[in-house]
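Engineer: Residue numbers (our numbering), protein chains in the order written: chain A, 131 to 550; chain B, 20 to 199; chain C, 26 to 143.
Worth flagging that the hints you see were computed from the coordinates, not collected in a lab. The model shown is predicted, which means the values in this text are computed figures rather than measured ones. Idealized CB from N, CA, C, for every residue including glycine. Among these hints, one or two may not hold up.
Taking lysine to aspartate or glutamate and the EDC-like style, the derived pairs with C-alpha atoms no more than 16 Å apart in a straight line are [stated by the list, open to error]:
#1 K451(A) / D191(A)
#2 K58(C) / E217(A)
#3 K286(A) / D225(A)
#4 K152(A) / D139(A)
#5 K286(A) / D65(C)
#6 K468(A) / E141(C)
#7 K286(A) / D76(C)
#8 K451(A) / D368(A)
#9 K286(A) / E68(C)
#10 K286(A) / E72(C)
Under 8 Å between C-beta atoms, here's a sample of chain A residues computed to sit facing chain B [claimed, not checked]:
#11 I273
#12 M274
#13 L300
#14 T319
Over the 12 Å line for every Cβ pair with chain B, so calculated as not near, a few chain A residues [as the list claims (entries may be wrong)]:
#15 G149
#16 V170
#17 D191
#18 N196
#19 M211
#20 T365
#21 P424
#22 A425
#23 A442
#24 I450
#25 I457
#26 A484
#27 L485
#28 L487
#29 Q521
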Amino acid sequence: MQQEWLWSDSLINLFTGLGMPKFLAIGLAYGLGAFILANVGLILTLALIWIMRKVLSRIQDRIGPNRVGRYGLFQTVADAMKLLSKEVIRPAHSDMITYDLAPVFSVFGVIMILAVIPFAPGLIGVDLNIGVLYLVALGSVGIMADLMAGWSSNNKYALLAGFRVVAQLLSYEIPMVLSMLAPVLLLGTMRMGEISAAQGLHVLGLNLGFGWLVFLMPGAFLIFFISALAESEQTPFDLLEAESELISGFHIEYSGMKFAMFFLAQFINTFFLGAIAVTLFLGGWQGPFVDNLPAPFSQILGLIYFNIKTFAVYIAIVWIKGTFPRIRVDQMMSFAWKVLVPLVLSLILWEMIALKLPGGAVIQYGAVLVGNLVVIGVVLNILGNHFKREQVRSKRAFEPKTLIGTMRPAPTAETAAAGD
Amino acid sequence: MPANLDELIAQLPTFQQFMFVQVALFTAVMALLVVLARNLFHNALALVGALFGVAGLYALLEAEFLAVSQVLIYVGGISTLITFAIMLTRGMMFGDTSPNNRQAGTAAIVIGTMFSVMAGFLLQVPWQEAYVELGDGQAIIANLGRLFVNEYLIPFEMMALLLLVVLAGAIMLARDHMIE
Amino acid sequence: MLQGYAFVLILSGIAFILPVAATFMGYLLGPRKPDAIKGDTYESGVETIGDAWVQFRAQYYLIGLIFLIFDVEVIFLFPIALAYRNLSLFGVAATITFVLILILGLLLEWRKGSLEWQ
Numbered sequence: 131m132q133q134e135w136l137w138s139d140s141l142i143n144l145f146t147g148l149g150m151p152k153f154l155a156i157g158l159a160y161g162l163g164a165f166i167l168a169n170v171g172l173i174l175t176l177a178l179i180w181i182m183r184k185v186l187s188r189i190q191d192r193i194g195p196n197r198v199g200r201y202g203l204f205q206t207v208a209d210a211m212k213l214l215s216k217e218v219i220r221p222a223h224s225d226m227i228t229y230d231l232a233p234v235f236s237v238f239g240v241i242m243i244l245a246v247i248p249f250a251p252g253l254i255g256v257d258l259n260i261g262v263l264y265l266v267a268l269g270s271v272g273i274m275a276d277l278m279a280g281w282s283s284n285n286k287y288a289l290l291a292g293f294r295v296v297a298q299l300l301s302y303e304i305p306m307v308l309s310m311l312a313p314v315l316l317l318g319t320m321r322m323g324e325i326s327a328a329q330g331l332h333v334l335g336l337n338l339g340f341g342w343l344v345f346l347m348p349g350a351f352l353i354f355f356i357s358a359l360a361e362s363e364q365t366p367f368d369l370l371e372a373e374s375e376l377i378s379g380f381h382i383e384y385s386g387m388k389f390a391m392f393f394l395a396q397f398i399n400t401f402f403l404g405a406i407a408v409t410l411f412l413g414g415w416q417g418p419f420v421d422n423l424p425a426p427f428s429q430i431l432g433l434i435y436f437n438i439k440t441f442a443v444y445i446a447i448v449w450i451k452g453t454f455p456r457i458r459v460d461q462m463m464s465f466a467w468k469v470l471v472p473l474v475l476s477l478i479l480w481e482m483i484a485l486k487l488p489g490g491a492v493i494q495y496g497a498v499l500v501g502n503l504v505v506i507g508v509v510l511n512i513l514g515n516h517f518k519r520e521q522v523r524s525k526r527a528f529e530p531k532t533l534i535g536t537m538r539p540a541p542t543a544e545t546a547a548a549g550d
Numbered sequence: 020m021p022a023n024l025d026e027l028i029a030q031l032p033t034f035q036q037f038m039f040v041q042v043a044l045f046t047a048v049m050a051l052l053v054v055l056a057r058n059l060f061h062n063a064l065a066l067v068g069a070l071f072g073v074a075g076l077y078a079l080l081e082a083e084f085l086a087v088s089q090v091l092i093y094v095g096g097i098s099t100l101i102t103f104a105i106m107l108t109r110g111m112m113f114g115d116t117s118p119n120n121r122q123a124g125t126a127a128i129v130i131g132t133m134f135s136v137m138a139g140f141l142l143q144v145p146w147q148e149a150y151v152e153l154g155d156g157q158a159i160i161a162n163l164g165r166l167f168v169n170e171y172l173i174p175f176e177m178m179a180l181l182l183l184v185v186l187a188g189a190i191m192l193a194r195d196h197m198i199e
Numbered sequence: 026m027l028q029g030y031a032f033v034l035i036l037s038g039i040a041f042i043l044p045v046a047a048t049f050m051g052y053l054l055g056p057r058k059p060d061a062i063k064g065d066t067y068e069s070g071v072e073t074i075g076d077a078w079v080q081f082r083a084q085y086y087l088i089g090l091i092f093l094i095f096d097v098e099v100i101f102l103f104p105i106a107l108a109y110r111n112l113s114l115f116g117v118a119a120t121i122t123f124v125l126i127l128i129l130g131l132l133l134e135w136r137k138g139s140l141e142w143q
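Chain A with its partners taken away, still in its complex shape:
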């Protein structure tokens, strides 16, 4: 492994250069990095909520927030201030410790994702050897937080929603992990930084940066994306906060800043799952000429590419939120276990066989691509059929034609007399 630029190394060198002992320098550098990372993550939520509201309102032919600040940019800041000044109500029969800890763990599990996201070459919190599995393991913290919130609120709706959310998160974790296995199997590494770095495309010494894995395994990307939607509790998988059935989900009894914590965790979780999708499948910080430039410019360019891609994925998620209907709980379960898991398992099996085919890389990669295209075809076919059926059903419900023969005009005095 060649020695590459790493933010922490240069910071540690800077601090030791100032005469600090090594131990303190490491602590300070890491502390500084972690503090900036976590705070940027939190403040990002304000932008994310603004983007979601703006995009959603455009989809619905509205203007959206436009009063506070230019383009309503400060609307979310105002909302945050409002939430800060709200009373934090604790339900009388709630379990105090669990009730208070649940929102904290919810945010905790999400912020920890940041540790292994490579934002630019060398700009990664820490490139853990088990990066991909680390991300999956953090999901269990979120599951525990949701269960805690559901249980401690002492509310039937919260408990029901807590059970639902855990069932959903567990069901979609399997296809998500398996679809994450696809790039790991291909590249033979679980380090997020190396997965990003492997997705360049070097032509004549220039990095065009278009060796994105999505071009090779679009099927795995699609399955990851769908599972990520479910894991981040976004539409069409937002049935656990179905307002008409469960009022608001497991955080029904939360108010003020504690509610804001759950809200925030959901938003940044959506964004970070998008970032993971970008890292694993959409090339991470890769882009044209990203590592052909001298040190600081290359990082800045990488950061720009990474952010453009991640925000694009986020906007796609909002787009889906604005267009798709919510699915039912039985559909949610059967889609995970009967469509995604068998498909992704066969995909992994096919990839295992394909990677050992004789005939060099072209045939192997070609076989992987063909398998992925088949998977995409199957998923889109199933989804298409489902929505066609739903459309027919919902049309029938409003079609006046079907009512002919079943409804008769109320008898007036004339018809009543004529009938007799």
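For this one, chain A is given, so just place chains B and C on it according to the hints.
Structural biologist: Using the frame of chain A, we list chains B and C on its own:
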């Protein structure tokens, strides 16, 4: 004076040892809470904490894969199952359960004996110290994977079959209950 | 490599303190006028009957169990995936057998109808 300071620093425990004590203490406290907390859900949460602590110990030993599997399987899977089991029964969910029952005295004696025997072993037995140079973290995990499908193939496949049998058994049991 | 985990440790400390600080600030800035109605269980204005416990489906438990078994098997695939490029044909056959057993388990569940959400 500086020489003394260096000596002093050399005698200090390393950061790793310091963290080990912290994590071990955390695990022990959580394990105690598992037994002593009066609410069953709190017991389950303390169990999650204890299992997290164990994962931390693995991480301190640079057994990264083991640590992350611990979190995934025990925290994500088993504790969720335990919580589900608690929540499925009304009495267990809200009632306070006493940590003591009639067997408390006997249990204390058994545990005390166990503890003293184990502590005695740990202190008395001259443990052999082996220094193994750890390779690159990725290589360790890859080596583990290679061992699964070569040297330890039969246990590995047997485990897969065992899990299949477990699955079948679980389905049978749950189905019978659901029919009732 | 342990040095890397120091970063995870520090980040976990900060990730814990930040939400605690935020909720505490909300507690400081917000009004505090608790009364019995506010602390009541919220059920859209309907009087609450009984405790929060409702009859749950045993299916939730089954889903948890199925998840656990799949989780264990999937985790074993990751180290193999790291070594996959250099595996002998024998190892490859063993891995594929493992995945086939996993698929067999899924088919078993499917046949027995435990994937149906009744």
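Engineer: Each of the hints needs a verdict: does it hold here or not?
Structural biologist: Hint check:
{"no.": "1", "hint": "K451(A) / D191(A)", "result": "holds, 15 Å"}
{"no.": "2", "hint": "K58(C) / E217(A)", "result": "holds, 8 Å"}
{"no.": "3", "hint": "K286(A) / D225(A)", "result": "holds, 14 Å"}
{"no.": "4", "hint": "K152(A) / D139(A)", "result": "holds, 11 Å"}
{"no.": "5", "hint": "K286(A) / D65(C)", "result": "holds, 13 Å"}
{"no.": "6", "hint": "K468(A) / E141(C)", "result": "holds, 9 Å"}
{"no.": "7", "hint": "K286(A) / D76(C)", "result": "holds, 8 Å"}
{"no.": "8", "hint": "K451(A) / D368(A)", "result": "holds, 9 Å"}
{"no.": "9", "hint": "K286(A) / E68(C)", "result": "holds, 8 Å"}
{"no.": "10", "hint": "K286(A) / E72(C)", "result": "holds, 12 Å"}
{"no.": "11", "hint": "I273", "result": "holds, 6 Å"}
{"no.": "12", "hint": "M274", "result": "holds, 6 Å"}
{"no.": "13", "hint": "L300", "result": "holds, 7 Å"}
{"no.": "14", "hint": "T319", "result": "holds, 6 Å"}
{"no.": "15", "hint": "G149", "result": "holds, 15 Å"}
{"no.": "16", "hint": "V170", "result": "holds, 25 Å"}
{"no.": "17", "hint": "D191", "result": "holds, 42 Å"}
{"no.": "18", "hint": "N196", "result": "holds, 43 Å"}
{"no.": "19", "hint": "M211", "result": "holds, 33 Å"}
{"no.": "20", "hint": "T365", "result": "holds, 25 Å"}
{"no.": "21", "hint": "P424", "result": "holds, 29 Å"}
{"no.": "22", "hint": "A425", "result": "holds, 25 Å"}
{"no.": "23", "hint": "A442", "result": "holds, 30 Å"}
{"no.": "24", "hint": "I450", "result": "holds, 26 Å"}
{"no.": "25", "hint": "I457", "result": "holds, 23 Å"}
{"no.": "26", "hint": "A484", "result": "holds, 18 Å"}
{"no.": "27", "hint": "L485", "result": "holds, 14 Å"}
{"no.": "28", "hint": "L487", "result": "holds, 19 Å"}
{"no.": "29", "hint": "Q521", "result": "holds, 34 Å"}
Violated hints for the displayed structure: none, as all numbered hints are satisfied.
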